[in-house]
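A.B. asks: Same order as they appear, the protein sequences are chains A and B.
Numbering of the first sequence is given in the working numbering, commencing with residue 9 and proceeding in unit increments.
Numbering of the second sequence is given in the working numbering, commencing with residue 698 and proceeding in unit increments.
Every clue listed holds true.
In silico DSBU-like links for lysine-lysine, alpha-carbon gap of 30 Å or less: (1) Lys752/B - Lys50/A; (2) Lys828/B - Lys706/B; (3) Lys778/B - Lys53/A; (4) Lys783/B - Lys50/A; (5) Lys66/A - Lys755/B.
Counterexamples of contact, computed for chain A against chain B with all Cβ distances above 12 Å: (6) Met11; (7) Lys34; (8) Asp35; (9) Leu62; (10) Val106.
No wet-lab data here; the hints were simulated from the structure.
Where a beta carbon is used, it is the ideal one built from N, C-alpha and C, also for glycine.
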Amino acid sequence: MNMLHTVNKSPFENYTVSSCISMCAKDSSILFIEDGVISVMKSTKFSEIIESALKNFKVYALKPDLDARGLSLNNVIEGVEIVGYEEFVDLTTEHDSVQSWL
Amino acid sequence: MSEDVITKKFMYVNRKSPYGTIYALEALEVVLITAAFDQDVSLTFIDDGVYQLMKDQKTEGIGMKNFSSTYSALGDYEIKKIFIDKESLEERGLSLSDLQELVWEDEDEDYVEKNSINLVSRSELSEIMNKQDVVLSF
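All chains, please: the whole structure from these sequences, using the hints.
C.D. replies: Below is the structure:
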């Protein structure tokens with residue numbers, strides 16, 4: 009079983025990102041959307057959490073949400089894959105199930 | 698009857714990222730309304746609120762209105778006091794150069810443009826906040 013976790017909250021707002029990562033099982037993926045995309049930026053207080061998550065999971069971030077917030081793709085943590093809505097759909101079908109963290 | 702206008706010090710505290718919730722846009726609307734009543738208005742951006750002023754916001758992909766250019770109109774509404782929390786920028790790996798510039802025109806000095814943005818520490822912000830008559834949080 010592999011699960012796609014989606015996170016839509018800023019890591020500065022609550023503990024969703026940490027909870028999600030701590031409950032991710034092997035072969036899971038994490039997709040950051042909406043305010044969640046703040047999580048994948050370099051040099052923030054939470055960058056290390058994502059960098060260590062990358063050792064165990066695939067991490068994705070939704071480009072339209074990065075663009076909307078003026079977050080430059082150049083400042084995204086290396087190893088995080090940038091995806092669009094079409095790949096978002098692909099990810100949901102490629103995984104056995106989706107857990108939308110709220 | 699006296700027609701003295703009562704002027705109060707209003708501070709709007711913005712703490713949320715711009716598009717994930719409606720707070721940022723609603724705050725901006727309320728700020729412009731208050732300014733129309735000739736009040737002493739200041740805006741503070743702390744925590745994720747600093748993302749509201751990011752340059753190069755492009756919202757076509759998410760199908761939402763890009764209201765980031767509206768902040769540059771604040772100067773025309775005589776809103777000259779914008780406070781940005783230094784610590785909030787730092788913990789996000791950001792600096793003032795990542796944010797748009799905001800100015801107001803000084804009519805006493807031949808409409809020369811002056812900077813509205815003040816980078817302040819938490820302790821300075823605490824002092825400024827403590828002097829307000831009304832603080833509204835978004």
